[in-house]
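Student: Respectively, the protein sequence lines represent chains A and B.
According to the working numbering, the stretch in the first sequence is residues 1 to 118, in order.
According to the working numbering, the stretch in the second sequence is residues 1 to 158, in order.
Hints are computed from structural coordinates only; laboratory data are not their basis.
By construction, the Cβ of each residue, glycine as well, lies at the ideal position given by its N, Cα and C atoms.
Check each hint, because a few of them may be wrong.
Computed list of chain A residues with no C-beta within reach of chain B, every gap over 10 angstroms [what the hints assert, rightly or not]:
1) K5
2) H27
3) D50
4) Y56
5) G70
6) M112
Here are the simulated EDC-like cross-link-like pairs (lysine to aspartate or glutamate), alpha carbons at most 20 angstroms apart as the crow flies [claimed, not checked]:
7) B:K120 to A:E33
8) B:K78 to B:D30
9) B:K110 to A:E34
10) B:K36 to A:D93
11) B:K70 to B:D26
12) B:K109 to A:E55
13) B:K36 to B:D123
14) B:K89 to B:D123
15) A:K38 to A:E55
16) B:K36 to A:E86
17) B:K109 to A:D13
18) B:K36 to A:E55
19) B:K89 to B:E59
20) B:K2 to B:E144
21) A:K10 to A:E55
22) B:K70 to B:D30
23) B:K36 to B:E81
24) A:K38 to A:E71
25) A:K10 to A:D50
26) B:K110 to A:D13
27) B:K36 to A:E34
28) B:K5 to B:E59
29) B:K120 to A:D93
30) B:K109 to A:E33
31) B:K120 to A:E90
32) B:K110 to A:E33
33) A:K5 to B:E15
34) A:K116 to A:E33
35) B:K22 to A:E90
36) B:K110 to B:D68
37) B:K22 to A:D13
38) B:K36 to B:E15
39) B:K22 to A:E33
40) B:K110 to A:E35
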Amino acid sequence: MPGIKIKTQKTADGVAYIKVVGFLDAHTFVQMEEEIVKLFNARIYKVAVDLSGLEYISSAGAGVFISNVGEATANGGNIVFINPSEPVREVFDLLGLTQIFQIFETKEEAFMLFRKGR
Amino acid sequence: MKERKVELVVSNMTENLATVRKFVMDTLADAGVSEKVVRKIILAVDEAVTNIIRHAYEEFSKGTRTIDIKLCTYPARKCVEVTLHDSGKEFNPDEVKTPNMDEHIRLRKKYGLGIFLIRKVMDEVNYMFRTGEENILRMVKYLENDEEKEGDKRDARD
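I would like the entire structure built from these sequences, with the hints used as guidance.
Tutor: Here it is, written out as structure tokens:
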């Protein structure tokens with residue numbers, strides 16, 4: 001069954017890089033939510049999510065980022081995206097998220113934003 | 001596009017969303033519908049089935065109720081029609097307001113965007129219900145309209 005794979009790397013300066021592969025829907029969103037809550041509990045609020053391997057996202061999947069970005073920014077961090085696949089970008093466009101969330105082409109560009117102190 | 005009339009019945013479990021998406025993808029790809037349009041219809045059906053599981057069947061245990069999905073392609077009318085039947089609580093999409101994304105973020109909302117997406121990607125969305133018996137959601141996508149409508153649709157921030 002198509003599911004989801006989530007792999008997280010944390011850097012010494014408090015930035016998390018999450019690589020998510022597969023399908024983010026009303027079934028699998030719970031795993032993504034748990035991953036983000038785990039980071040917040042460890043007081044890591046600078047989160048870069050690599051969406052290049054995400055094949056599908058529904059509103060339930062997008063809801064994880066929408067409902068958590070406020071907590072990240074309130075604590076001096078953010079949730080940003082790296083290189084969303086075409087199907088994911090289409091859904092973000094439909095929801096207007098491309099105008100709200102910062103999207104980077106590479107991991108390095110996303111990390112640069114966080115290292116500038118934002 | 002070739003004519004297709006197929007049906008899938010699934011139980012009220014979110015595990016079944018992957019099966020539903022594969023059913024729509026395989027049927028429409030086989031019928032000759034473009035990949036981009038198929039993706040939109042998959043999204044609408046996934047959102048609609050998710051709503052039935054979460055709202056219409058909210059009070060029922062997982063896997064105890066059914067959702068009937070009928071998928072038809074009409075080459076003469078150049079459209080794809082999806083009809084979903086369930087026997088849960090009535091849920092009228094016309095009563096759902098257009099969401100404000102900034103407010104969603106401020107209030108840290110997890111849900112409430114499914115109907116908005118369905119309306120954005122499909123051309124017709126109708127809902128009928130007979131209380132306690134049956135809810136019917138009918139969605140239509142006209143294929144030739146798709147590309148020209150792309151630029152016209154407004155997003156959640158407007």
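Student: It remains to establish, for every hint, whether it holds in the given structure.
Tutor: Structure-based check of all given hints:
1. K5: The assertion about K5 (chain A) holds, with a minimum of 14 angstroms to chain B.
2. H27: violated (4 angstroms)
3. D50: holds (21 angstroms)
4. Y56: violated (7 angstroms)
5. G70: violated (5 angstroms)
6. M112: holds (24 angstroms)
7. B:K120 to A:E33: violated (26 angstroms)
8. B:K78 to B:D30: Answer holds: K78 (chain B) to D30 (chain B) is near 15 angstroms, not above 20 angstroms.
9. B:K110 to A:E34: holds (14 angstroms)
10. B:K36 to A:D93: The hint holds at about 14 angstroms.
11. B:K70 to B:D26: holds (14 angstroms)
12. B:K109 to A:E55: violated (24 angstroms)
13. B:K36 to B:D123: holds (15 angstroms)
14. B:K89 to B:D123: Distance of about 25 angstroms is beyond 20 angstroms: violated.
15. A:K38 to A:E55: violated (24 angstroms)
16. B:K36 to A:E86: holds (10 angstroms)
17. B:K109 to A:D13: Judged against 20 angstroms, a Cα distance of about 29 angstroms means the pair is violated.
18. B:K36 to A:E55: holds (13 angstroms)
19. B:K89 to B:E59: Roughly 9 angstroms between the alpha carbons, so the hint for K89 (chain B) and E59 (chain B) holds.
20. B:K2 to B:E144: holds (15 angstroms)
21. A:K10 to A:E55: Given that 20 angstroms is the threshold and the Cα spacing comes to 24 angstroms, the pair is violated.
22. B:K70 to B:D30: At roughly 16 angstroms apart (the allowed maximum being 20 angstroms), D30 (chain B) and K70 (chain B) satisfy the hint.
23. B:K36 to B:E81: It holds: about 16 angstroms lies between the C-alpha atoms, which stays within 20 angstroms.
24. A:K38 to A:E71: Roughly 13 angstroms between the alpha carbons, so the hint for K38 (chain A) and E71 (chain A) holds.
25. A:K10 to A:D50: holds (13 angstroms)
26. B:K110 to A:D13: The hint is violated at about 29 angstroms.
27. B:K36 to A:E34: It is violated: about 31 angstroms lies between the C-alpha atoms, which goes past 20 angstroms.
28. B:K5 to B:E59: violated (32 angstroms)
29. B:K120 to A:D93: holds (11 angstroms)
30. B:K109 to A:E33: holds (13 angstroms)
31. B:K120 to A:E90: holds (12 angstroms)
32. B:K110 to A:E33: holds (10 angstroms)
33. A:K5 to B:E15: Between K5 (chain A) and E15 (chain B) the Cα gap is close to 16 angstroms, so the pair holds against 20 angstroms.
34. A:K116 to A:E33: With a Cα-Cα distance of about 27 angstroms, the restraint between K116 (chain A) and E33 (chain A) is violated, given a limit of 20 angstroms.
35. B:K22 to A:E90: Holds, at about 19 angstroms.
36. B:K110 to B:D68: violated (26 angstroms)
37. B:K22 to A:D13: Given pair K22 (chain B), D13 (chain A) is violated - Cα atoms ~42 angstroms apart, limit 20 angstroms.
38. B:K36 to B:E15: Not satisfied, since the Cα-Cα distance of roughly 24 angstroms exceeds 20 angstroms.
39. B:K22 to A:E33: violated (24 angstroms)
40. B:K110 to A:E35: holds (15 angstroms)
The structure shown violates the earlier hints numbered 2, 4, 5, 7, 12, 14, 15, 17, 21, 26, 27, 28, 34, 36, 37, 38, 39.
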